[in-house]
Structures are given as C-alpha cells and as structure tokens.
Amino acid sequence: MAIPNDRKSLLAAIETSFAKLMDVLEAIPPGRIDEATMEGHSVGARMSVRDAVAYLIGWNELVLKWHVRQQAGQAVDFPETGYGWNELGRLAEKFYRDYESLPYPELIERLQRAKVGVVALVAAQSDDALYGEPWYGKWPLGRMIQFNTASPYANTRARLQKWRKANGLTGLRRDPPAPGA
3 MAIPNDRKSL
13 LAAIETSFAK
23 LMDVLEAIPP
33 GRIDEATMEG
43 HSVGARMSVR
53 DAVAYLIGWN
63 ELVLKWHVRQ
73 QAGQAVDFPE
83 TGYGWNELGR
93 LAEKFYRDYE
103 SLPYPELIER
113 LQRAKVGVVA
123 LVAAQSDDAL
133 YGEPWYGKWP
143 LGRMIQFNTA
153 SPYANTRARL
163 QKWRKANGLT
173 GLRRDPPAPG
183 A
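Here the working numbering is used: the first residue of the sequence shown is 3, the next is one more, and so on.
It is worth saying that the hints were derived from the structure and are not from the lab.
Please note that a few of the clues may not be correct.
To be verified - Pairwise CB distance ranges (calculated):
#1 Asp100 with Ala74: 18 to 28 Å
#2 Leu13 with Ala160: 13 to 23 Å
#3 Arg115 with Thr18: 16 to 26 Å
#4 Glu135 with Lys164: 31 to 41 Å
Predicted, not measured: the structure shown is a model, and the values here were computed from it.
By construction, the Cβ of each residue, glycine as well, lies at the ideal position given by its N, Cα and C atoms.
Generate the whole structure from the sequences, applying the supplied hints.
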C-alpha cells in the first residue's frame, strides 16, 4: 500500500490494515494468546499475542494523547513522558504492563475503541492540517498518525502470521463452523 498523503488515503490505510489485523487476531485460539513465544519488540525479547495487542493500544492511545495535549497548548513528550525514541523496547514493555490485568476480550475492545478515536481524529482534520506542515520535527500529523497506527497494524499482522505458521496455526478459526454448515 502506498504511503498516505491525504485524509482519504490515511483513513483507507487505517481501516484496511486494522481489518486485516483483526482477521488474524480472530483466528488465534484463545488458549494461545498468553504464550510469550513470539519475537518481541526489543532484541532477544519474547511477547505474547496479548502483548502485541497491548502494544497497539499503547501507540494508538499515545497518538490521541499527543493530539489532546497539543490542542490544549500543553507540552507533548515524544514519544511518551520518561521515554526517548531510542527506548522503544522499554516503552513496549511498559505497554505490556499497562494492560496485563485486562481480560483479552477487553483488550480487543480497547484496541477497537482506540482505533475508532484515531479515525475520528483523522476524519475531523483537513488534508492541509494532516499533511500541509510539519507537526513533529519534519513529520506532518498524518504521517505521525500513520507511523503509529496503520503501519504497526500491518507489522503486527505480519508478525502474528509468522508466529501462527511457526506454530501450525494457519487456517484455524477461533469459532469453527457448526457441523453441516
């Protein structure tokens, strides 16, 4: 998919990547979501499907936080207060911890709500607001949103597919069809 450069293409990228991600997440057996056997977000680390979802929630909610703070005229600590861009593995671990107490169905709901919030944010912006000027460093708002939503959705989907294949889980569905269906 081409890099979005307007609101319509950014919304399409978010929606398409998210739908494909959800298809993969729905195909993972519930009994496997807590296995920390997938390549993690830092060298040598391992994570679970649950952790991967927590990671996506963390970034989606950060995008929303950045926007709210900036709109309120408040300082924004990029990427997050207490973390630098060179500490993204440590930030990923924080996201895992932040959401570890939520039941998996609630994690999925929270991810869906965060995505809806991001879509509403994008839909409320003009092309010029999204891509007309730098928003953080050299990056326009639309690109920062894409970096932290559509791109991680696609990357996580690919990571999950690789994990599923390595674990013999391809072709499985969470809820198998009823006999005779």
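Among all the numbered hints in the text so far, which are the ones the structure does not match?
-> Of the numbered hints, all hold.
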